[in-house]
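In order, the protein sequences belong to chains A and B.
Under our numbering, the first residue of the first sequence is numbered 1, with each subsequent residue one higher.
Under our numbering, the first residue of the second sequence is numbered 112, with each subsequent residue one higher.
Be careful, since some hints might not be right.
As the list claims (entries may be wrong) - In silico EDC-like cross-links for lysine to aspartate or glutamate, where the CA-CA straight-line distance does not exceed 20 Å: (1) B/180 with B/164; (2) B/168 with B/190; (3) A/103 with B/170; (4) B/176 with B/190; (5) A/103 with B/149; (6) B/168 with B/141.
Since the hints were derived computationally from the structure, they do not count as laboratory data.
Note that the structure is a prediction, hence the values are computed from the model and not measured.
Here's the letter readout for the chains.
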Amino acid sequence: GNSVTQMEGPVTLSEEAFLTINCTYTATGYPSLFWYVQYPGEGLQLLLKATKADDKGSNKGFEATYRKETTSFHLEKGSVQVSDSAVYFCALVYGNNRLAFGKGNQVVVIP
Amino acid sequence: EAQVTQNPRYLITVTGKKLTVTCSQNMNHEYMSWYRQDPGLGLRQIYYSMNVEVTDKGDVPEGYKVSRKEKRNFPLILESPSPNQTSLYFCASSRQTGVDSPLHFGNGTRLTVT
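One chain only, chain B, in its complex shape (with noise of 0.2 Å):
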């Protein structure tokens, strides 16, 4: 079954506390991306990757990290994690990049920081 899979669903860390949440396409997807998704605010894109080796900063990258080693996997990394960091977090891949290719979006991790 074509998915995107991210882990774990739940977290809860305290402050400075460094954390990495996964996401694993099984669809030879290129593009892959993360988001936030606050209330009030809809969805923010944090960083999105076009390629292997190749990422580039979204909307809100402040306080995150990513890696793209592979083209399946795309972990998302907070170093020292701060409690504004508390949000709904999704990982979305597609094709390619381009209007034809839809983004598949995982279940999303939603993050607590105390």
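In isolation and in its complexed conformation, chain A is listed as follows (with noise of 0.2 Å):
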């Protein structure tokens, strides 16, 4: 089937620091793939997408990279902020718009 692993547990870290959540998925054919953010609450948010192979998707400092040969899509950022803080959510769109989400990782930004 088609479906989205994300790394298990929050994420906390500090401020200017390196970011990295990891993400694969499994599915038919060639998925087009985002990550989604949601801050407190709110709803979710397109961050960034990618649509084949070796695209880079990008936006507000975040990047991630399809990798098919690693069936990844990995998100990260240089040097988070405070306001970074929010959930993120990996996803692959399949069908007719049916769109498949991870779990979500809380990300917690101090000062």
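These two chains come separately, so use the hints to put the complex back together.
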């Protein structure tokens, strides 16, 4: 089936640290991949996307590269800020705009 | 302002009392969908709609109904709520099916069934 796996547990780090959140996927064919972010009390917002192998999505200093050989789409940011504290969801689209979401990772950035 | 509006934001009800959560979008989107978010489970799709009068089951449709009589509205109906439907619910819409149409989410409805 189509599914997304995110690393377990929250991520706590200091301001200006490097952030990596792992995401791997299982899918038939070549799905499009997304990262969504959820700030406290809000719905999800699209952060970035990649539609084919080796594409790099980027936005607000975040980047993720679509790696077909490792079926991965890891999210990275070089220097996080307190305002980046949120829950991050990896997702893939399949079929008629059906999305499969990962379980999400809570990121807490400490000043 | 382009948005997806859900109401209410918070709802506490008792087992078996029918309720409706409304969802409306002002972007003329064809595609709309409902998700529930539970700790440790992420987001799971309940129902989706490709267009007016076209609805399909998602991954967890049991205990829910939807309707799409107009393009802008996609209410979620719980005919006989049960405590296991206590959750955070999100409505979302997109311009059309396909990878170039990211989802726009509402701010969520937190439902508690006692």
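Quiz item: Is residue 103 of chain A within 20 Å of residue 149 of chain B, Cα to Cα?
Solution: holds, 9 Å
Quiz item: Does residue 170 of chain B lie within 20 Å of residue 103 of chain A when you go C-alpha to C-alpha?
Solution: holds, 15 Å
Practice problem: Take a quick look at whether residue 176 of chain B and residue 190 of chain B sit within 20 Å of each other, Cα to Cα. | Solution: holds, 8 Å
Exercise. Would you mind confirming whether the straight-line C-alpha gap from residue 180 of chain B to residue 164 of chain B stays at or under 20 Å?
Key: Distance ~6 Å between residue 180 of chain B and residue 164 of chain B Cα, so the pair holds.
Quiz item: Regarding the pair residue 168 of chain B and residue 141 of chain B, is the alpha-carbon distance no greater than 20 Å?
Solution: holds, 16 Å
Quiz item: Is residue 168 of chain B within 20 Å of residue 190 of chain B, Cα to Cα?
Solution: holds, 16 Å
Of the numbered hints stated above, none is contradicted by the structure.
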